[in-house]
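Enquirer: Got chain A; can you put chain B on it based on the hints?
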Amino acid sequence: MSRARVVVVGAGPAGMMAAAQAARLGCAVVLVDEAPRPGGQIHRQPPPSLAGGAVSAAARPEAERKRRLFDRFARHAGAIDHRPGTSVTAIYGLDRILIADETSSRLIRADALVVATGLHERVVPVPGWTLPGVVTAGALQALLKGGRVRAGDRIALAGAGPLPLVAAAQMVEAGATVPVVALLRPPWSPLWPGLLRDPAALWAGRGVLSEGWRWLSVLRRAGVPVLTRHVALSVSGDGAAERLVIARHDGRGRPVPGTERRFAADTVAFNHGFTANSELARMAGAETRFDPRRGGWLPVRDGDGATSVPGLFVAGDAGGFAGGLAAACDGAVVGAAAAGWALHRDAGRFAAQAAADRAERARHWTFQAALAASWELPRDIHELVTPATVVCRCEGVTRARIDRAVADGHDGLNGLKRNTRAGMGSCGGRSCLRTLAALAGPRGEGEAVNARPGIRPVTLAALANRVSDESVGS
Amino acid sequence: MDRAASSAAATPSRRPDVREGEGFTILFEDRFGQRAIPAWAGESVAAALLAAGERAWRTAEDGSQRGLFCGIGVCWECRCIIDGRPNSRACQTEARPGLSVRWQVGPGLLPDGGLPDGGAS
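Sequences listed follow chains A and B, in order. The numbering of the first sequence is this note's numbering, which starts it at 7 and goes up by one. The numbering of the second sequence is this note's numbering, which starts it at 91 and goes up by one.
Isolated chain A (complex conformation):
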């Protein structure tokens, strides 16, 4: 009989640590990842030819976190069957996981499966958000981290939480002009009540807070206006983004008449929080709950990452936003649990091996629980989505079409999807489902859409070229 095998999906901080931990504890580990190099989105690595370059004072803490993560991973990397450029296309059960790369596909089995797929950005649509030149704040970072390229010369940012501020400061350091950062509310203001109630959380988050302060200082020195309590109204331009229009809002997200301001920009970046990539866990049958602050439909999991499906674990932000530091600790904890399950059908067997990571994770979780409030969007924010605004970018479905379907009684998410085709395009609904849920009426957020095989588009050629599993993880 072959060795007990742990399959980890996603090579961000959580997946890297889960894979390293399971390998350390004696499992055969397969690490499946879409990217060519490990690191995930947060520690996206440039190709070797572009590595190096100066690290600014503000960027140093992140560089240091990244170095520690990669050092820990490197110690066990030799025992990990890392499969870059590969995605999980379907899960029919832990014994039948379909993975595919560009040219081939194979069914693999796992004794324990760790879903560490992270999250993606949420954007609330405004008129003009499909124009070329409108991107997510994370896209600005991905281009900079992965290719040392800044997306534009004059970059305006808008949204919620701390990410637009950090991305703006990074763009300033990369030489861009940032005419404005418009935030729905000060990202630091929701922090204080939580932190004052729980001083330990303030202490736990001191590193993140000081890092945030450094980025704010970059913006201040560059004279970038940071306007809080402002909402984006539209992006306009002749065939591509040329300006962002914002206004003060009344606290509920409704613009205050007469406060509109226009900012010229060749690039406009949005972020309104995150959506957890929970579809693989859902396809495997995990129970979910809805949490608007931490990423939408989240798999229900315990402290070991165990879900309602025996042998299926979730690690890191795929289980709800808590940031890269918490994700790395969580990965080490969940990796130990998955190894215990794979080897002994006992997730608690190696708990002592991950005690330090568990304690550090608790500190990060406490701080992040306070921070999570900064992503709570004003109640009426979706009132700004005009009838003609495209909600589903893939299928070109407008707000008016969604409203008509809701009026006709299609008020659940799956019903809306079937009736309008919204959420059925190439992205699998990742760009629009949160908006649809908000527009869908009372049942919208309660019901996750069905996760079906073909979770990532895959070519017929790759599906037809099914190779055997023998070479994997042995």
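Be aware that one or more of the hints could be misleading.
[Unchecked claim] Sample of chain A residues at the chain B side, in silico, Cβ under 10 Å:
id, residue
1, Leu56
2, Glu68
3, His126
4, Leu150
5, Arg154
6, Trp198
7, Asn283
8, Ala362
9, Arg364
10, Gly431
Don't read these hints as lab results, they were simulated from the structure. C-beta atoms are modelled at their ideal positions from N, C-alpha and C, and glycine is treated no differently.
Expert: Here is chain B on its own, set in the frame of chain A:
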């Protein structure tokens, strides 16, 4: 957006760091013709296009132009025809010397309505 205006923004300054590694060119063909775009080993097609001042490389089914949106392979907005393969994500495809990047219309057609040479894949 006219082509001259879109190209005017192309400056080396969009690459803020001193760069090591070998530079080369990829070929970008839109509705107005073909031009060589500077690229570096390992960077994505999207990074090379944006550094050169290109912002759009697809016409959606509704007639609107699209370019990069999420930058991490999630949204599929940046799909275009790369080496004859329609619906290739510019943000997930590494640039290689001589790579052909062509404007995509609708489900995978060329601007003139023809099918790309690489066939449907």
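Enquirer: All the hints need checking, so say for each whether the structure fits it.
Expert: Status of the hints after comparison with the structure:
1. Leu56: holds (6 Å)
2. Glu68: violated (16 Å)
3. His126: Because about 5 Å separates histidine 126 (chain A) from the closest Cβ in chain B, which is inside the 10 Å limit, the hint holds.
4. Leu150: Where the cut-off is 10 Å and the nearest Cβ of chain B is about 8 Å from leucine 150 (chain A), the hint holds.
5. Arg154: Holds, about 5 Å.
6. Trp198: Since chain B brings no Cβ nearer than about 32 Å to tryptophan 198 (chain A), farther than 10 Å, the hint is violated.
7. Asn283: Holds, about 8 Å.
8. Ala362: Cβ of alanine 362 (chain A) sits 31 Å from chain B, so the hint is violated.
9. Arg364: This hint is violated: arginine 364 (chain A) lies away from chain B, its Cβ roughly 30 Å from the closest one there, beyond 10 Å.
10. Gly431: Holds: closest Cβ of chain B sits about 7 Å from glycine 431 (chain A), inside 10 Å.
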